[in-house]
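Please construct the entire structure, taking both the sequences and the accompanying hints into account.
2 protein chains.
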Amino acid sequence: MTATDRGASLPPEQLDALVTVLDMVRSGEACTRPELGRRSGLGRTVVTQRVGHLIDSGLVEEGSLGPSTGGRAPRQLRFRAEAGAVLVAELGATSIGVGITDLAGRLLHHSERPWDIAAGPEASLEQVEASFDELRAKPDIPKVWGIGIGVPGPVEMATGRPVAPPIMPGWDRYPVRDRLGAQYGVPVCVDNEVNAMALGEYRAGLGQGLRDLIYLKLGTGIGAGLISGGRPHRGAQGCAGDVGHVAVVDDTDVVCRCGNVGCLEALAGGAALARDATTAATGGQSPLLAERLAAQGHLKAEDVARAAEYGDPVSVELLTRSGRLVGTMLATLVNFYNPSLVVIGGGVAASGDLLLSAIRQAVYRRSLPLATRNLRIARSPLDDRAGLMGAGFMVVDELFSTARIGTWIADGSPAGRPELTA
Amino acid sequence: MTATDRGASLPPEQLDALVTVLDMVRSGEACTRPELGRRSGLGRTVVTQRVGHLIDSGLVEEGSLGPSTGGRAPRQLRFRAEAGAVLVAELGATSIGVGITDLAGRLLHHSERPWDIAAGPEASLEQVEASFDELRAKPDIPKVWGIGIGVPGPVEMATGRPVAPPIMPGWDRYPVRDRLGAQYGVPVCVDNEVNAMALGEYRAGLGQGLRDLIYLKLGTGIGAGLISGGRPHRGAQGCAGDVGHVAVVDDTDVVCRCGNVGCLEALAGGAALARDATTAATGGQSPLLAERLAAQGHLKAEDVARAAEYGDPVSVELLTRSGRLVGTMLATLVNFYNPSLVVIGGGVAASGDLLLSAIRQAVYRRSLPLATRNLRIARSPLDDRAGLMGAGFMVVDELFSTARIGTWIADGSPAGRPELTA
Numbered sequence: 002m003t004a005t006d007r008g009a010s011l012p013p014e015q016l017d018a019l020v021t022v023l024d025m026v027r028s029g030e031a032c033t034r035p036e037l038g039r040r041s042g043l044g045r046t047v048v049t050q051r052v053g054h055l056i057d058s059g060l061v062e063e064g065s066l067g068p069s070t071g072g073r074a075p076r077q078l079r080f081r082a083e084a085g086a087v088l089v090a091e092l093g094a095t096s097i098g099v100g101i102t103d104l105a106g107r108l109l110h111h112s113e114r115p116w117d118i119a120a121g122p123e124a125s126l127e128q129v130e131a132s133f134d135e136l137r138a139k140p141d142i143p144k145v146w147g148i149g150i151g152v153p154g155p156v157e158m159a160t161g162r163p164v165a166p167p168i169m170p171g172w173d174r175y176p177v178r179d180r181l182g183a184q185y186g187v188p189v190c191v192d193n194e195v196n197a198m199a200l201g202e203y204r205a206g207l208g209q210g211l212r213d214l215i216y217l218k219l220g221t222g223i224g225a226g227l228i229s230g231g232r233p234h235r236g237a238q239g240c241a242g243d244v245g246h247v248a249v250v251d252d253t254d255v256v257c258r259c260g261n262v263g264c265l266e267a268l269a270g271g272a273a274l275a276r277d278a279t280t281a282a283t284g285g286q287s288p289l290l291a292e293r294l295a296a297q298g299h300l301k302a303e304d305v306a307r308a309a310e311y312g313d314p315v316s317v318e319l320l321t322r323s324g325r326l327v328g329t330m331l332a333t334l335v336n337f338y339n340p341s342l343v344v345i346g347g348g349v350a351a352s353g354d355l356l357l358s359a360i361r362q363a364v365y366r367r368s369l370p371l372a373t374r375n376l377r378i379a380r381s382p383l384d385d386r387a388g389l390m391g392a393g394f395m396v397v398d399e400l401f402s403t404a405r406i407g408t409w410i411a412d413g414s415p416a417g418r419p420e421l422t423a
Numbered sequence: 002m003t004a005t006d007r008g009a010s011l012p013p014e015q016l017d018a019l020v021t022v023l024d025m026v027r028s029g030e031a032c033t034r035p036e037l038g039r040r041s042g043l044g045r046t047v048v049t050q051r052v053g054h055l056i057d058s059g060l061v062e063e064g065s066l067g068p069s070t071g072g073r074a075p076r077q078l079r080f081r082a083e084a085g086a087v088l089v090a091e092l093g094a095t096s097i098g099v100g101i102t103d104l105a106g107r108l109l110h111h112s113e114r115p116w117d118i119a120a121g122p123e124a125s126l127e128q129v130e131a132s133f134d135e136l137r138a139k140p141d142i143p144k145v146w147g148i149g150i151g152v153p154g155p156v157e158m159a160t161g162r163p164v165a166p167p168i169m170p171g172w173d174r175y176p177v178r179d180r181l182g183a184q185y186g187v188p189v190c191v192d193n194e195v196n197a198m199a200l201g202e203y204r205a206g207l208g209q210g211l212r213d214l215i216y217l218k219l220g221t222g223i224g225a226g227l228i229s230g231g232r233p234h235r236g237a238q239g240c241a242g243d244v245g246h247v248a249v250v251d252d253t254d255v256v257c258r259c260g261n262v263g264c265l266e267a268l269a270g271g272a273a274l275a276r277d278a279t280t281a282a283t284g285g286q287s288p289l290l291a292e293r294l295a296a297q298g299h300l301k302a303e304d305v306a307r308a309a310e311y312g313d314p315v316s317v318e319l320l321t322r323s324g325r326l327v328g329t330m331l332a333t334l335v336n337f338y339n340p341s342l343v344v345i346g347g348g349v350a351a352s353g354d355l356l357l358s359a360i361r362q363a364v365y366r367r368s369l370p371l372a373t374r375n376l377r378i379a380r381s382p383l384d385d386r387a388g389l390m391g392a393g394f395m396v397v398d399e400l401f402s403t404a405r406i407g408t409w410i411a412d413g414s415p416a417g418r419p420e421l422t423a
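Line by line, the protein sequences give chains A and B. The opening position of the first sequence corresponds to residue 2 in our numbering, with each subsequent residue numbered one higher. The opening position of the second sequence corresponds to residue 2 in our numbering, with each subsequent residue numbered one higher.
Do not rely on the hints blindly, as some may be mistaken.
If you anchor each label on the Cβ, the simulated ranges turn out as follows [stated by the list, open to error]:
| hint | chain 1 | residue 1 | chain 2 | residue 2 | range |
| --- | --- | --- | --- | --- | --- |
| 1 | A | Thr253 | B | Thr95 | 37 to 43 Å |
| 2 | B | Gly230 | A | Arg276 | 34 to 40 Å |
| 3 | A | Thr403 | B | Arg366 | 40 to 46 Å |
| 4 | B | Gln184 | A | Thr160 | 51 to 57 Å |
| 5 | A | Pro314 | B | Ala404 | 57 to 63 Å |
| 6 | A | Ile142 | B | Arg377 | 46 to 52 Å |
| 7 | B | Val250 | A | Arg276 | 26 to 32 Å |
Examples of chain B residues toward chain A, derived with CB under 7 Å [said to hold, decoys possible]:
| hint | residue |
| --- | --- |
| 8 | Gln209 |
| 9 | His234 |
| 10 | Ala241 |
| 11 | Ala248 |
| 12 | Asp252 |
| 13 | Thr253 |
| 14 | Leu334 |
| 15 | Phe337 |
| 16 | Arg367 |
| 17 | Leu369 |
Non-contacting residues of chain A with respect to chain B, defined by C-beta distances greater than 10 Å in every case (computed) [claimed, not checked]:
| hint | residue |
| --- | --- |
| 18 | Pro170 |
| 19 | Arg180 |
| 20 | Ala291 |
| 21 | Gly353 |
These are calculated hints, taken from the structure and not from any lab test. Think of the CB as a built atom: it goes at the ideal place given N, C-alpha and C, for glycine as much as any other residue.
As structure tokens, this is what we get:
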């Protein structure tokens, strides 16, 4: 491949400088050549050459004249986020979300549809690919430079394959990355969906500018994504954040889908709320829930939230208990991990303030004062877009990394960038 | 300062290459110039120049001829770990350990004495300084290049001051780093002692080559140190790992020194073991412990361990309960953090295999199979040297970082390195 050959001719020192300059322009930290020189410590010639590469490759453009500091006013530089696009997908247990972002992680289009992940990798990825093709066909969509995908299970980062995912039958070691890579001819990043959500909140949501945060997803299941010192913490097997099966209650006989008893997820997750609400409805404890059950044929966590808003005591109690259990577990994590932010996302988190305040109360009661002094616990503002945006950032950061950029950016050539061949 | 001026003349690109070359020689990854070129991707001229700098500065020396690959055999390069020394100290709740390491983190001398941290910073640091001066006066000790110190509380990394440390009365915001820096005129690193222990195990103990580990100290108190992706995870306030006050039991009236009830430390730490052993001894449940209490006037966790070895049922039960509580908490951390290694250190950990197997049993019972598939739980082989060695690595890594190396390594000059002025 010629792009690789040309890229390989740039020595590592030059690639480091290229990435440094690009990162500063991308983040807006420095927008003129003199500023880039001051901030990076790179020499004037090096800055000029690297900016030249970036302009030639179409990633940066010159804009208006900036403020002069005495001599000739320097030209403003602008990152061309519209130069390329990233296809992103988020596979949940019961839905598929797809979207397309620009190179700054902004979501240009996105949509979601119900889907059963247990349909297996072939059918699920065909679904994803069909949606991707629709997105690419929309007007004014730039060339696709990469693909990012989140799945509801642990992923081996080196190969981009799910590993022993408990709720993804048929997906164990399926080559997700290789399949999409072969299909589209661009770099593909695969990660756990909750890690992608954490990255989305870190880069574009409440976590901007922070270093250590926990994203806690409360949906049908419960899981967490971690950012440590500004980088994702995935753990040794890529299964960090798997807190749904932490034991929170001793004296219970509720058996979890993992086979253990007393698991957080089996007592406080969305499925647990729906189960207990159904019991209350059929047992005559809650006329409101019974009415809803009769009308719909089933109950979901959202119904509990709505009934609680109407003052249904059973629903208020269910949400409070759920929040207290989640908060008690979270207090342990806060002491251990000392984050500055805990973002609560997922379907159950959308249940209103009752759940959130029960969580907060339990955390503040059981965490050390120093750990909670500047701790913020808040609902995800990005909501269901966090995972798609995070998947986009995974890809963009990979494309613009020292390790990758040399394989496609060429010395002065705009032809080296990755492009969809189809 | 001339060293700074000279160092500042090296542009960042050259410093990066300098650090890359030094790291490879230090770690043994590459030991000849051609090998350095191949592994780093740096050009021949750059490698030759940087190696020249390092030889001139006394950090690297040329050794014997290496194996030839056809042409002239390349010279072996060796990192001169003996070129400098690092003074290290570990302040615990009831002891001070001091030592001196070479630039590879090897402990040349070390000693420990009982000390009450509540004596405050002035008296404690005078004690440390007196010990440092003794160590420096020993024969064949190289010049001191830096100081590393671990303290039993959270530390603000930017300033090197303890922040609201619960068991260090009088130390809040005391300028530990500035005091030692002014006294010795060398770079000083201050961190939590458990973080230093975790770093010691990571670099020189069981953690070598791993990326994610937890060091759990079971002493009078209980605390953890974390390595995330090869780097210390300190948390937003520097108090990550503070797991002694996690709630592990609901139905108890044992009040912890933090004021809460049900804390792990108050039920399973060294002080808790000593307390419960004393109750058993005076209550007539354990003749062995009663005998020991009569002989010594008090009981310590070590006495429980020894009595358990002699088969004392009360002591066996106390250690098993302690291990079970620690293991239950640890299971949550294993699910959340997914480490590949948990190292158990501290005085109580030395209690023999009973405690360790109770911990293991609880972890494997309550952690997910994927998280424990390749998990190792083991006692610290470095024992009480982990913290001192970790403090040494903190300093060495700082000295040889891109940010620091430019302030003291000169372009071809051996005079730029930091030296004790006294």
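Is it true that the C-beta distance of A/Thr253 to B/Thr95 lies inside 37 to 43 Å, as the hint says? holds, 41 Å
Using the beta carbons of A/Pro314 and B/Ala404, state whether their distance is inside 57 to 63 Å or not. holds, 59 Å
Given a hint of 34 to 40 Å, does the C-beta separation of B/Gly230 and A/Arg276 actually sit inside it? Since the Cβ atoms of B/Gly230 and A/Arg276 sit about 38 Å apart, the hinted range of 34 to 40 Å holds.
Does the interface hint hold: is B/His234 within less than 7 Å of chain A, judged Cβ to Cβ? holds, 5 Å
Minimum Cβ distance from B/Asp252 to chain A below 7 Å? Not OK, violated: B/Asp252 not within 7 Å of chain A, min 9 Å.
Min Cβ distance, B/Gln209 to chain A: is it shorter than 7 Å? violated, 15 Å
Just to be careful: measuring from the Cβ of B/Leu369 to every Cβ in chain A, is the smallest value less than 7 Å? holds, 6 Å
Please confirm whether A/Ala291 is truly not at the interface, meaning its C-beta sits more than 10 Å away from all C-beta atoms of chain B. holds, 33 Å
How about B/Phe337: closest beta carbon in chain A under 7 Å, or not? Check passed: Cβ of B/Phe337 comes within 5 Å of chain A, closer than 7 Å.
Within 26 to 32 Å or not, the Cβ separation of B/Val250 and A/Arg276? Given range 26 to 32 Å: holds, Cβ gap about 28 Å.
Do the numbers back the hint for B/Thr253, that is, is its least Cβ distance to chain A under 7 Å? Violated, about 13 Å.
Taking 10 Å as the cut and beta carbons as the points, is A/Arg180 off the interface with chain B? holds, 23 Å
Figure legend: structure checked against the earlier numbered hints; hints not met, in rising order: 8, 12 and 13.
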